[in-house]
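Protein chains: 6
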Amino acid sequence: MTAPTGTTAPGASFAPIEYADASPEVRAIYDDIMASRKTDWINNFWKYLAHDPQNLRRIWSDLKEVMGPGVLDPLTKELIYMAVSITTGCRYCIASHGASAWAKGMSAAQYGELLAIVGLANQTNRLAVALDVPVDERFRT
Amino acid sequence: MTAPTGTTAPGASFAPIEYADASPEVRAIYDDIMASRKTDWINNFWKYLAHDPQNLRRIWSDLKEVMGPGVLDPLTKELIYMAVSITTGCRYCIASHGASAWAKGMSAAQYGELLAIVGLANQTNRLAVALDVPVDERFRT
Amino acid sequence: MTAPTGTTAPGASFAPIEYADASPEVRAIYDDIMASRKTDWINNFWKYLAHDPQNLRRIWSDLKEVMGPGVLDPLTKELIYMAVSITTGCRYCIASHGASAWAKGMSAAQYGELLAIVGLANQTNRLAVALDVPVDERFRT
Amino acid sequence: MTAPTGTTAPGASFAPIEYADASPEVRAIYDDIMASRKTDWINNFWKYLAHDPQNLRRIWSDLKEVMGPGVLDPLTKELIYMAVSITTGCRYCIASHGASAWAKGMSAAQYGELLAIVGLANQTNRLAVALDVPVDERFRT
Amino acid sequence: MTAPTGTTAPGASFAPIEYADASPEVRAIYDDIMASRKTDWINNFWKYLAHDPQNLRRIWSDLKEVMGPGVLDPLTKELIYMAVSITTGCRYCIASHGASAWAKGMSAAQYGELLAIVGLANQTNRLAVALDVPVDERFRT
Amino acid sequence: MTAPTGTTAPGASFAPIEYADASPEVRAIYDDIMASRKTDWINNFWKYLAHDPQNLRRIWSDLKEVMGPGVLDPLTKELIYMAVSITTGCRYCIASHGASAWAKGMSAAQYGELLAIVGLANQTNRLAVALDVPVDERFRT
Chain A
0 MTAPTGTTAP
10 GASFAPIEYA
20 DASPEVRAIY
30 DDIMASRKTD
40 WINNFWKYLA
50 HDPQNLRRIW
60 SDLKEVMGPG
70 VLDPLTKELI
80 YMAVSITTGC
90 RYCIASHGAS
100 AWAKGMSAAQ
110 YGELLAIVGL
120 ANQTNRLAVA
130 LDVPVDERFR
140 T
Chain B
0 MTAPTGTTAP
10 GASFAPIEYA
20 DASPEVRAIY
30 DDIMASRKTD
40 WINNFWKYLA
50 HDPQNLRRIW
60 SDLKEVMGPG
70 VLDPLTKELI
80 YMAVSITTGC
90 RYCIASHGAS
100 AWAKGMSAAQ
110 YGELLAIVGL
120 ANQTNRLAVA
130 LDVPVDERFR
140 T
Chain C
0 MTAPTGTTAP
10 GASFAPIEYA
20 DASPEVRAIY
30 DDIMASRKTD
40 WINNFWKYLA
50 HDPQNLRRIW
60 SDLKEVMGPG
70 VLDPLTKELI
80 YMAVSITTGC
90 RYCIASHGAS
100 AWAKGMSAAQ
110 YGELLAIVGL
120 ANQTNRLAVA
130 LDVPVDERFR
140 T
Chain D
0 MTAPTGTTAP
10 GASFAPIEYA
20 DASPEVRAIY
30 DDIMASRKTD
40 WINNFWKYLA
50 HDPQNLRRIW
60 SDLKEVMGPG
70 VLDPLTKELI
80 YMAVSITTGC
90 RYCIASHGAS
100 AWAKGMSAAQ
110 YGELLAIVGL
120 ANQTNRLAVA
130 LDVPVDERFR
140 T
Chain E
0 MTAPTGTTAP
10 GASFAPIEYA
20 DASPEVRAIY
30 DDIMASRKTD
40 WINNFWKYLA
50 HDPQNLRRIW
60 SDLKEVMGPG
70 VLDPLTKELI
80 YMAVSITTGC
90 RYCIASHGAS
100 AWAKGMSAAQ
110 YGELLAIVGL
120 ANQTNRLAVA
130 LDVPVDERFR
140 T
Chain F
0 MTAPTGTTAP
10 GASFAPIEYA
20 DASPEVRAIY
30 DDIMASRKTD
40 WINNFWKYLA
50 HDPQNLRRIW
60 SDLKEVMGPG
70 VLDPLTKELI
80 YMAVSITTGC
90 RYCIASHGAS
100 AWAKGMSAAQ
110 YGELLAIVGL
120 ANQTNRLAVA
130 LDVPVDERFR
140 T
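Read top to bottom, the protein sequences are chains A, B, C, D, E and F.
With numbering that gives the first Met the number 0 applied, the first sequence corresponds to residues 0 to 140, in that order.
With numbering that gives the first Met the number 0 applied, the second sequence corresponds to residues 0 to 140, in that order.
With numbering that gives the first Met the number 0 applied, the third sequence corresponds to residues 0 to 140, in that order.
With numbering that gives the first Met the number 0 applied, the fourth sequence corresponds to residues 0 to 140, in that order.
With numbering that gives the first Met the number 0 applied, the fifth sequence corresponds to residues 0 to 140, in that order.
With numbering that gives the first Met the number 0 applied, the sixth sequence corresponds to residues 0 to 140, in that order.
Check before you lean on any hint, since a few could be wrong.
Since the list gives no way to pick one copy over another, a pair counts as held whenever it fits inside one copy or between any two copies.
[Unchecked claim] Dumping the calculated DMTMM-like pairs for lysine to aspartate or glutamate here, alpha-carbon to alpha-carbon at most 20 angstroms: (1) Lys103 <-> Glu24; (2) Lys37 <-> Asp72; (3) Lys37 <-> Glu136; (4) Lys103 <-> Glu17; (5) Lys63 <-> Asp39; (6) Lys103 <-> Asp72; (7) Lys103 <-> Asp39; (8) Lys37 <-> Asp135; (9) Lys63 <-> Asp51; (10) Lys37 <-> Glu17; (11) Lys37 <-> Glu64; (12) Lys103 <-> Asp135; (13) Lys63 <-> Asp31; (14) Lys63 <-> Asp30; (15) Lys103 <-> Glu64.
To be clear, the hints were calculated from the coordinates, so they are not data collected in a lab.
Chain A on its own, in the form it takes in the complex (with noise of 0.2 angstroms):
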């Protein structure tokens, strides 16, 4: 989305703010983003996030505490990111944790298994919601 020509909205124009461009609180964040993420470039997702810095500051802080280290591997992780990715029908979330996810060490094998649960998990929910199925007494437990 673009601000229309002649907005008076102080930085409305959506072209991805570039690190040189950055003010000093947005470098601190980006600098922040590639030290953990050991890389020396800022994705497109930061890079127009950046318009709000409050916005990006909150969104890379919990990023960075939920794809961090924790009882779940990175793989995982990337693969739970995926498949909400392929259900909400985000592109460009779809592309850039499937980098991250090949980066991870998933194989094609993997892959392919992802996306069949996904596929399936999107049919079987329908069905169930069709035929207003009643959860199990045993489930309740």
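Add chains B, C, D, E and F to chain A, keeping to what the hints say.
Relative to chain A, chains B, C, D, E and F alone:
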């Protein structure tokens, strides 16, 4: 959903089809489900789907293949299934696949991380779509 | 949803508006619904929507036009309505449009095929999105 | 979507219907759109919808009524429209209602807050559904 | 999505798998698709899905069964498929199933009615959910 | 969802965590929620989320920031939250954010307009996607 009284549609009653009342065709599928899952009971999803034996056969065949042994371990497969079910909002599926996940060894900590990722992914998906973020060149190679 | 006690919002109570308690404006719409559908009762959807008579009027007008006689036969129209309601997960809509479909002659076999298609479409939709399949040239002519 | 070559369906070409090529019925609706919006052009949504003049008429009538003067101010109405469009992922709608919002005075700060709320709501919605949180008693009064 | 350069994942390239480059297993499935559909070409969906031959086999088998001859006529089946694809927002699916529908005899008037129903259903679904409308007693019989 | 009996997962019971039973860490968050909202009770969403104190902390922190004072007034923020919750179909969220909106001064007329916009937007979103409407040039400036 229930068929109104006085309908001439055969088999339109939507009570679950119990093993004792099932046709030989449906019983054979029930037997295969119990054998594959090493259980002695059939959950409601199958008992409601069984009103259309072709659907029951095809969906069970798909699920057996997709959720069977593969390169992803069984718990990871359930986590992916849960991620989709939470995103689409299927209450039955969340309950039944949640139960499966616990049975396959999911810990409370893993469950907490699953929730965290699914919630966050649903958030960042919408942000990326709202901002119409273009896919980075390096994701296209 | 209910309005909290002590609210000063007029008409905020969310009990359904029964014919006997309805304003002349709402009764006129209820009369038209019953006349069009050749029934002697009003279902809950209209009785809850009636809290905002403008919404009731506009939505009934739209539905009467869209679900009225056309080139698609009445049952086909209900099947399409059910396909959407199952996909979005609206429990009330699945029940009410399911009842309509049975009343318009849907058979159990047709219902089974509807479920099969809706389930499968929800699956293949996600696969196509996941794989970012480009639209074939010949589909663009 | 385009109709394949050689189709016998009249009006199946899916090029937008420009004012100059429109029927008197469609032109009348275009005129009303421009008069209501105080503009001298028609956007693509209407020009594609116009292939079915009944749909064009009904949808414009609904939009004119719903987005016209009311108790919610015009910008708030656009923010709500954007919230839905982002959640469903309609790229065209995000662009066109975003443009409307800017035109109605949305500031960059307001846009940032809108994004923040829409993102967070999509997150907490899934968490509440995943946990099957029962509605609190006091919300039912 | 594309696998990054230097990946060690076999078959991770995401160019479509053309007939000429396909394995005997995949060619056999392509042959069956063309024979069933009485065509001499394979659309992109299958050529991208073919990276995982198991998925290709299973999905084609499901689609052939579900969209094959049944009690619903072929065009009605496509209309249902389109209703789902529009609701989930799968651009590829809308294009390919739209093309199928035209080929199976859909008229412009039928297409207009399909759009009208899908749009309206998506609206009333949300209204029923917002108002938490309870299912009428008579729909439960 | 409930953990099956005999699970070894600590804290897997899914009864809500009441203040009296909460750990000091969770109580501190409950205290902050009540102080910020000027209430003396905790709603079910937080009591179920509290099973994972990290999730509780992070989500409350996000919500406090996003729904706190800003450039959008508090009621407008709730209307946006409701628009998303209705669109995704989260019954709990519709109830709790509806209650918040009433408490923040929403009138029945405002509620009626909110419903009207959310319903209509869900409709036009699907029409724009179905017709694959290209974004107008002037929206890209």
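Each hint, compared with the structure:
In the homo-oligomer, the alpha carbons of Lys103 and Glu24 never lie at most 20 angstroms apart, since the shortest distance is 30 angstroms inside one protomer and 30 angstroms across protomers. Only within a single protomer do Lys37 and Asp72 lie at most 20 angstroms apart by alpha-carbon distance; the minimum there is 18 angstroms, versus 28 angstroms between protomers. Only between protomers do Lys37 and Glu136 lie at most 20 angstroms apart by alpha-carbon distance; the minimum there is 19 angstroms, versus 48 angstroms within a single protomer. When the C-alpha separation of Lys103 and Glu17 is checked against a cutoff of 20 angstroms, the pair qualifies neither within a copy, at 26 angstroms, nor between copies, at 29 angstroms.
Proximity of Lys63 to Asp39 under the C-alpha cut-off of 20 angstroms is restricted to the intra-copy arrangement: shortest distance 17 angstroms within a copy versus 33 angstroms between copies. Proximity of Lys103 to Asp72 under the C-alpha cut-off of 20 angstroms is found in both arrangements, the shortest distances being 10 angstroms within a copy and 17 angstroms between copies. When the C-alpha separation of Lys103 and Asp39 is checked against a cutoff of 20 angstroms, the pair qualifies only within one copy, where the shortest distance is 17 angstroms, while the shortest distance between copies is 40 angstroms. In the homo-oligomer, the alpha carbons of Lys37 and Asp135 lie at most 20 angstroms apart only across protomers (18 angstroms), although the nearest pairing inside one protomer, at 47 angstroms, exceeds that limit.
In the homo-oligomer, the alpha carbons of Lys63 and Asp51 lie at most 20 angstroms apart both inside one protomer (18 angstroms) and across protomers (17 angstroms), since each shortest distance falls under that limit. Proximity of Lys37 and Glu17 under a CA criterion of 20 angstroms is satisfied intra-copy only: 18 angstroms inside one chain copy versus 38 angstroms between copies. Proximity of Lys37 to Glu64 under the C-alpha cut-off of 20 angstroms is restricted to the intra-copy arrangement: shortest distance 16 angstroms within a copy versus 29 angstroms between copies. Proximity of Lys103 to Asp135 under the C-alpha cut-off of 20 angstroms is restricted to the inter-copy arrangement: shortest distance 18 angstroms between copies versus 38 angstroms within a copy.
Proximity of Lys63 and Asp31 under a CA criterion of 20 angstroms is satisfied intra-copy only: 10 angstroms inside one chain copy versus 24 angstroms between copies. For a Cα distance limit of 20 angstroms, the shortest separation of Lys63 from Asp30 inside one copy, 13 angstroms, qualifies, whereas the shortest one across copies, 26 angstroms, does not. For the homomeric pair Lys103 and Glu64, the shortest alpha-carbon distance inside one copy (18 angstroms) is at most 20 angstroms, but the shortest distance between copies (26 angstroms) is not.
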